[in-house]
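Asks: One-letter residues, chain by chain:
Protein chains: 4
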Amino acid sequence: MSQTMQAAVLYGINDLRVESVAAPGAPAPKEAKIQINRVGICGSDVHYWQHGRIGDFVVREPMILGHECSGTVVEVGTDVSHLQPGDRVALEPGVPRGSTPSSNYYLKKGEYNLCPDIFFFATPPDHGSFCQFVNHPAEFCFKLPDNVSLEEGAMIEPLSTGIYAARVAPIISGDTVVVTGAGPIGLMNVLTALAVGAANVIVSDPVAARLEVAREIGATHTVSGSAEELKQLAQDLTEGRGADVGIEAAGHPLALNACIAASRPGATVVLIGMPPNDTAEININDLIVREIKLRPIFRYNNTFPTGVQLLASGKVNVKPLLSKTFTLPQVPEAFEYVVANRDTCVKAVVEIG
Amino acid sequence: MSQTMQAAVLYGINDLRVESVAAPGAPAPKEAKIQINRVGICGSDVHYWQHGRIGDFVVREPMILGHECSGTVVEVGTDVSHLQPGDRVALEPGVPRGSTPSSNYYLKKGEYNLCPDIFFFATPPDHGSFCQFVNHPAEFCFKLPDNVSLEEGAMIEPLSTGIYAARVAPIISGDTVVVTGAGPIGLMNVLTALAVGAANVIVSDPVAARLEVAREIGATHTVSGSAEELKQLAQDLTEGRGADVGIEAAGHPLALNACIAASRPGATVVLIGMPPNDTAEININDLIVREIKLRPIFRYNNTFPTGVQLLASGKVNVKPLLSKTFTLPQVPEAFEYVVANRDTCVKAVVEIG
Amino acid sequence: MSQTMQAAVLYGINDLRVESVAAPGAPAPKEAKIQINRVGICGSDVHYWQHGRIGDFVVREPMILGHECSGTVVEVGTDVSHLQPGDRVALEPGVPRGSTPSSNYYLKKGEYNLCPDIFFFATPPDHGSFCQFVNHPAEFCFKLPDNVSLEEGAMIEPLSTGIYAARVAPIISGDTVVVTGAGPIGLMNVLTALAVGAANVIVSDPVAARLEVAREIGATHTVSGSAEELKQLAQDLTEGRGADVGIEAAGHPLALNACIAASRPGATVVLIGMPPNDTAEININDLIVREIKLRPIFRYNNTFPTGVQLLASGKVNVKPLLSKTFTLPQVPEAFEYVVANRDTCVKAVVEIG
Amino acid sequence: MSQTMQAAVLYGINDLRVESVAAPGAPAPKEAKIQINRVGICGSDVHYWQHGRIGDFVVREPMILGHECSGTVVEVGTDVSHLQPGDRVALEPGVPRGSTPSSNYYLKKGEYNLCPDIFFFATPPDHGSFCQFVNHPAEFCFKLPDNVSLEEGAMIEPLSTGIYAARVAPIISGDTVVVTGAGPIGLMNVLTALAVGAANVIVSDPVAARLEVAREIGATHTVSGSAEELKQLAQDLTEGRGADVGIEAAGHPLALNACIAASRPGATVVLIGMPPNDTAEININDLIVREIKLRPIFRYNNTFPTGVQLLASGKVNVKPLLSKTFTLPQVPEAFEYVVANRDTCVKAVVEIG
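Going down the list, the sequences are from chains A, B, C and D. With my numbering applied, the first sequence corresponds to residues 6 to 358, in that order. With my numbering applied, the second sequence corresponds to residues 6 to 358, in that order. With my numbering applied, the third sequence corresponds to residues 6 to 358, in that order. With my numbering applied, the fourth sequence corresponds to residues 6 to 358, in that order.
You may find that some hints are simply not true.
Where chains are identical, the list cannot tell them apart; a pair therefore holds if satisfied intra-copy or between any two copies.
Calculated cross-link-like contacts (lysine-lysine; reagent style DSS-like; alpha-carbon spacing at most 30 Å) [unchecked claim]: (1) Lys-148 / Lys-114; (2) Lys-324 / Lys-35; (3) Lys-35 / Lys-114; (4) Lys-329 / Lys-35; (5) Lys-329 / Lys-114; (6) Lys-236 / Lys-114; (7) Lys-236 / Lys-329; (8) Lys-148 / Lys-329; (9) Lys-148 / Lys-324.
Derived by calculation from the structure, the hints in this document are not laboratory data.
Construct the entire structure; sequences and hints are all you get.
Replies: Structural data, given as C-alpha cells:
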C-alpha cells in the first residue's frame with residue numbers, strides 16, 4: 006500500500022488546496038528521496054494560482070506548486086554514491102530528459118535549460134515541491150556545507166537567475182549595472198552583480214520600500230523616477246556613456262525601454278522579466294546605432310554549484326531577502342499574503358513540517 | 006593656389022551635382038593622398054539623396070557622397086612607411102578621432118566603430134569619396150595584392166558587414182543560417198556565411214530576381230513566401246530546431262519577426278536592416294522562452310584585413326554582385342538607375358576617371 | 006545461446022587476432038544495434054598494437070581495437086524514436102557515463118570529453134569497433150544523408166579533431182594558419198581550417214609525400230625545412246607578424262616550438278600531437294612577452310552534427326585522404342601495411358564484411 | 006633655458022643616481038604635464054638595477070626608472086578637454102605609438118599591449134617616472150575620485166595585472182583559484198580574484214610572512230609546502246577536480262608545474278611570472294589529456310578605468326600591501342631595502358617631494 010504525504014495542490018484559478026497525495030516510492034537507481042524542508046514562493050507560483058497559466062504553459066490537471074527548495078536526503082538509489090541519508094541539499098528543479106535528438110543536442114552543448122523536454126518542478130504537467138517528499142535525480146541535488154542553512158539553500162534557485170545573468174552578460178569587475186525592477190529577481194541580481202565586482206549597481210523601481218531593500222543589500226544607487234532620470238544617473242557615473250550592463254527584471258515594456266536607454270553603446274541588456282502582453286515595441290534603429298545587444302535568459306544552467314559556493318564563502322548573503330516564513334498548511338494563506346504585500350514582502354518561505 | 010577636382014556633391018533632396026571642388030593639399034604626416042578609382046553606390050547614399058537624412062544624421066551643408074571605395078596612392082605623409090605611390094588600396098571609411106574620454110574608451114577596446122566622434126565618409130558633416138582625390142589616414146588604407154582588382158577592392162566595405170556579422174554571431178562551421186533580405190547587404194552576408202563554413206544558407210526575399218542572384222552565389226535555399234514557410238524550411242533542415250544564426254538585412258519589422266521565428270532556441274539574430282519607422286514590435290516572451298539573442302551591428306571594426314584576405318584567397322568572389330559601371334559625371338544618372346532597378350541591380354559602381 | 010561475430014582483438018604487443026567473440030544481444034532501451042560497415046585505422050590503434058599502451062591507458066585484457074566507424078542500424082531499443090533499421094550512421098565513440106559528481110559536472114557544462122568516466126571505443130578497458138556489431142547509445146549515432154557514403158561517415162571521427170580545433174582556437178575567416186605535422190590529423194586540420202575561411206594554410210612536415218597530399222587538399226603553402234624557414238614564411242604572409250593560429254599535430258617538441266615560433270603575438274597554438282616522452286621544454290618568457298596561448302585539445306565534443314553537415318554540404322571532402330581499403334580478416338595485415346607505408350598511406354579503412 | 010628636475014636614473018648595474026635632469030617642456034596638444042606624486046617600486050625596476058636588463062630589454066643609456074605612478078595635472082595640451090590643472094590622476098605607463106601596420110593591427114583590435122612599438126615607462130630606451138614631472142598622453146591619465154588617494158592610485162598599475170588575469174582567464178563567481186607566488190603580483194591577484202567572486206583563493210609560497218599577508222587580504226587558504234600538498238588542497242575543495250583557474254606569479258618552473266598540477270581538467274592557468282632561465286619543461290601530454298590551457302599575459306590592456314572603479318567602490322583595498330614609503334632622494338636606499346626585505350616588504354612606495 007502506497008504511503009501518503011501532504012502537498013499544496015493547485016486545482017484551478019484561486020483554488021489551491023493542501024491535501025494528502027501519494028508519497029513517492031523508493032528512488033530509482035540514480036535518484037535520491039528528499040524530505041523537503043524549505044520552499045520559497047515564486048512569482049510564477051502565484052501567477053499559476055491567479056491565472057492558471059503562464060504563456061503556453063497551462064495547468065490542465067491538479068498540480069503541486071513550488072520549485073525553490075531544499076531538504077534532507079532520506080534514501081538514495083542504488084547507483085548514487087555521492088549522497089547519503091542525512092545530507093542537506095538544494096534541489097535544481099529543471100532536469101533535461103534527453104528523449105529526442107534536439108533535447109540531446111542542447112544537453113550535450115551544456116545548454117540543458119533549452120531542452121524542449123526538460124522536467125521542471127511546478128511547470129505543467131510536472132509536479133512541484135510544496136510537499137513532504139520528492140524523488141529527484143541525485144545529480145541535481147547539491148550538498149550544502151555546514152555553514153549554509155536549508156533556508157538559504159532554498160534561495161539558490163532564485164539566485165540562479167542572477168548568477169546566470171552575470172555570467173552571460175557578462176558583468177565585468179568595475180562595471181556599472183542598471184537593474185530595472187526591484188522584485189525578488191531584481192534583488193537577486195543586485196546581489197550577484199555585486200558579487201562579481203560591479204562598482205555601481207543602480208536599481209530602478211517605482212516602489213520606495215523595494216528600493217530601500219535594494220540599498221540595504223548593497224545597491225549603490227536607486228531611482229524611483231522616470232526613464233530619463235535613470236538614464237541621466239547612469240551617464241553621470243560613466244563619463245556620459247551609460248551602464249555597461251542592463252538587467253531587465255520588471256517585465257514591462259516601459260522598464261525594458263528605460264533599461265535600454267540607460268545602457269551605453271555596446272552594452273548588453275539581459276532580458277528576464279516577461280511583459281504581461283508578451284510584446285514590446287523596441288527602437289531597432291537605436292539598438293543598431295548604439296549596438297546594444299539583447300540577451301534573454303530562460304531560467305539558467307550550471308548555476309547550483311556556483312550558488313553553493315557563493316553562499317558558503319559569504320560572497321552573497323540572501324538572508325535580508327527572507328521576509329516571512331509559513332508552514333505547509335498555511336500555503337494558501339501565504340499566497341494571499343504575498344499578493345497583499347507585494348511591495349514589502351520580498352521572499353516568503355514555506356517550512357515543510 | 007589650391008587645385009580643384011571633380012566631385013559628386015549632394016546639395017539637398019534630389020539635388021546631386023557633379024562639380025569642381027577644392028582638391029586636398031599635401032597629406033598630413035600620417036595620411037596618404039589617394040586617387041580614387043572605384044566607388045560603389047550604397048543604399049545609404051541613395052537614402053541621403055532621396056531623404057536628405059538617415060535618422061539623426063541630417064545633411065545640412067553640401068556633402069560629397071560615397072564611401073565604398075578604392076584607389077591608388079599618389080603621395081604619402083612624412084610618417085608613412087608602409088605605403089608608397091602606386092600602391093593600390095581599399096579605404097576603410099570610418100576613422101575614430103579619439104577626441105574625448107568616451108571615444109578613447111571604445112578605441113582602446115577595439116570597438117572603434119562605437120566611438121561617438123568617428124569620422125565616416127559621407128556621413129554628415131563628413132565628406133565622402135565620390136571625387137578624384139582624398140587624404141586619408143594611412144592606417145585605414147589597405148594594400149590590395151596583385152590578384153585583387155580595384156573594383157573588387159571597393160567591395161570590401163559592403164563585404165565588411167558580412168565579415169563582422171559572421172564573426173560576432175558567430176557563425177560556426179556546419180551552421181544553418183537564415184538571411185532575410187536579398188539586397189546588397191543580404192547577399193554580402195550570404196558570401197561571408199558560406200566562407201566561414203555555413204552548410205545551409207537560406208535566403209528570404211519577396212523579389213524573385215534577387216533570389217536568383219542569391220542562388221548563383223551559393224545560397225543553398227531561397228524562399229519568396231511567408232514567414233511560416235521560411236520557418237518550416239529552417240526547421241526541416243535542422244531536426245526541427247530552426248536556424249543557428251539569423252541575419253536580418255531587410256530592414257522591416259515583418260522580416261525581423263520572420264527571422265526570429267525561423268531561428269532555433271539559443272540562436273543569435275544579427276540586426277543589420279533599419280526599419281523605416283525605427284521601431285518593431287517584438288515578442289519578448291518568445292525571445293526569453295527560446296533564449297534568442299538579438300545582436301545589432303553598427304558598421305564594423307577590424308574587417309578590412311580580413312576582406313583583403315578573403316578576396317585574395319578566392320574564399321569570397323564578389324564579382325557576380327557587380328551589376329553595372331558608371332563614370333563620375335554619370336553619378337546622378339547612376340542614382341536614378343539604381344532606384345529604377347532595385348530588383349535587379351545589386352551593386353552599381355562608379356569608375357572615377 | 007548467444008551469437009558470435011568476428012572481431013579484431015588485441016591480445017598484447019604485436020598480437021592482434023581476428024577471431025570469434027560474443028555478439029551483442031538486444032540493444033538496451035536507449036541503444037541502437039549497429040552493423041559496422043567501415044572502420045578507419047587510427048594512429049592510436051597502431052600505437053596500442055605496437056606498445057600495448059598509450060600513456061596511462063594500458064591494455065590489460067584482450068581488447069577489440071577501432072573507433073573511427075560507421076554502419077547501419079539493425080535494431081533499436083524501446084526508447085529510440087529517431088533511428089530505424091536501415092539508417093546509415095556515423096558513431097561517436099566517446100560516451101560519458103555521468104556516474105560521479107565530477108563526471109556530471111563536465112557533462113552538464115557541455116565538456117563531456119573531460120568526463121573522467123567516459124566510455125571510449127578501444128580505450129582500455131572499453132572494446133572498440135573492429136567487429137561486426139555493436140550496441141551504441143542512439144544519441145551518439147548520427148544519421149548520414151544520402152549523399153554521404155559510409156566510408157566518408159567513418160571519417161567524421163578523425164575530422165572531429167579538426168572541427169574542434171578550428172572552433173576553440175578559434176580560426177577566423179581570413180586567418181593564416183600553420184599546421185605542424187602532415188599525418189592524418191594534421192591533414193584533417195587543413196580541411197577544417199579551409200572550411201572555416203582560413204586564407205593561408207601552411208603545412209610543415211619533413212616528408213615530401215605528405216606535403217604533396219597537403220597541397221592536393223588545398224594547403225596554400227608547404228614547408229619541409231627548418232623552423233626558421235617556417236617562421237619566415239608565416240611572417241612573410243602577415244606583414245611580419247606570424248600565423249594567427251598554430252596547430253601542432255606532429256607530436257614532437259621540436260615541432261611544437263617551431264609552431265610557437267611561427268605564430269604571431271596574441272596567437273593561439275592548439276596542442277594535439279602528444280610527444281613520445283610526454284614533455285617539452287618551452288620558452289615561457291617568449292610565450293609571455295608575445296602572449297601566445299597554448300590550447301590543448303583532448304578528443305572533441307559536439308562535433309558530429311557539424312561533421313555530417315560539412316560532408317553533406319561539400320564544404321569538406323575527405324575522399325583524397327582515403328588511401329587503401331582492407332577487409333576484417335585482413336586487419337593484422339592492414340596494420341603492418343600502415344606501419345610500412347607511414348609516409349604515403351594517409352588513412353587505411355577496413356570494410357567489415 | 007630649459008628647467009631641471011630631480012630624477013632617479015639608472016646608469017648601470019648597481020648604479021642608480023638621483024640627479025638633476027632636464028624637465029619636460031610644455032605638453033604637446035594631446036598631452037598633460039603631470040607632477041608625479043607617488044611611484045611604487047616594482048620587481049622589474051629592481052631587476053634592471055641588479056642585472057641591467059630583462060630578457061631582450063637592455064639598458065644601454067642612462068634611464069629613469071619607475072612606472073607605477075600617480076600625480077597631479079599641472080598643465081594640459083591644447084586638445085585636452087577632460088583634464089585640468091589640479092586633477093589627481095593615475096598614469097597608465099604603456100602607450101602604443103601606432104607607427105607601423107602591425108602596431109596599428111593590435112591597436113585597432115584593442116590589444117594595444119601587444120603593439121611592437123609601445124612606449125612603456127622604464128623599459129629601455131623609454132624613461133620612467135621616478136622624477137618630478139612627465140608629459141603623458143592625456144588619454145592615458147585617469148582621474149582619481151576624491152575617495153581614492155594618490156598612494157592608492159599608484160597601485161592601479163600593479164593591480165592591473167590582476168584585473169587583466171581575472172578578465173582573460175576568466176575567473177567566474179564561485180571559482181576556486183590557485184595563486185602560486187605571494188609576491189606583490191601574486192597578492193594583487195588575490196585581491197582581484199576575490200573582487201570578481203572567487204569563493205576559494207589558495208595561495209602557495211615558501212615564505213610564511215608572505216602567506217600571512219595573503220591571509221590578511223582575504224586568501225581563504227595558504228600552502229607553504231609541496232606541490233602535492235597544494236594539489237591535494239585544491240582537489241579537497243572541489244570534489245576532487247582541482248582549481249578552476251591557476252595563476253602563476255612565482256616565475257619558477259617548479260611553481261608553474263605545481264600550478265598546473267593543482268588545476269582541474271579544462272582549467273586555465275594564467276602565466277605571469279617569468280622563469281629566470283626563460284624555459285620550463287612542461288608535461289604536454291598531461292596538458293592535453295586534461296585540456297589545461299596556458300594563458301600568458303603580457304602587462305594588460307583596458308584595466309585602468311576598472312582599477313579606478315574597484316578602488317573607489319571599495320571592492321579592492323590595496324592599503325594593506327603598502328609596506329613603506331621613501332622620498333625621491335632615498336630611492337637608491339629604497340632599492341637596497343626592498344632587496345634586503347623581500348619576504349616582508351610587499352610594496353615600497355616613493356613619495357616624490
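Asks: Go through the numbered hints given earlier and state which of them the structure violates, listing their numbers in rising order.
Replies: Numbers 2, 4, 5 and 7 - these are the hints that the structure violates, sorted from lowest upward.
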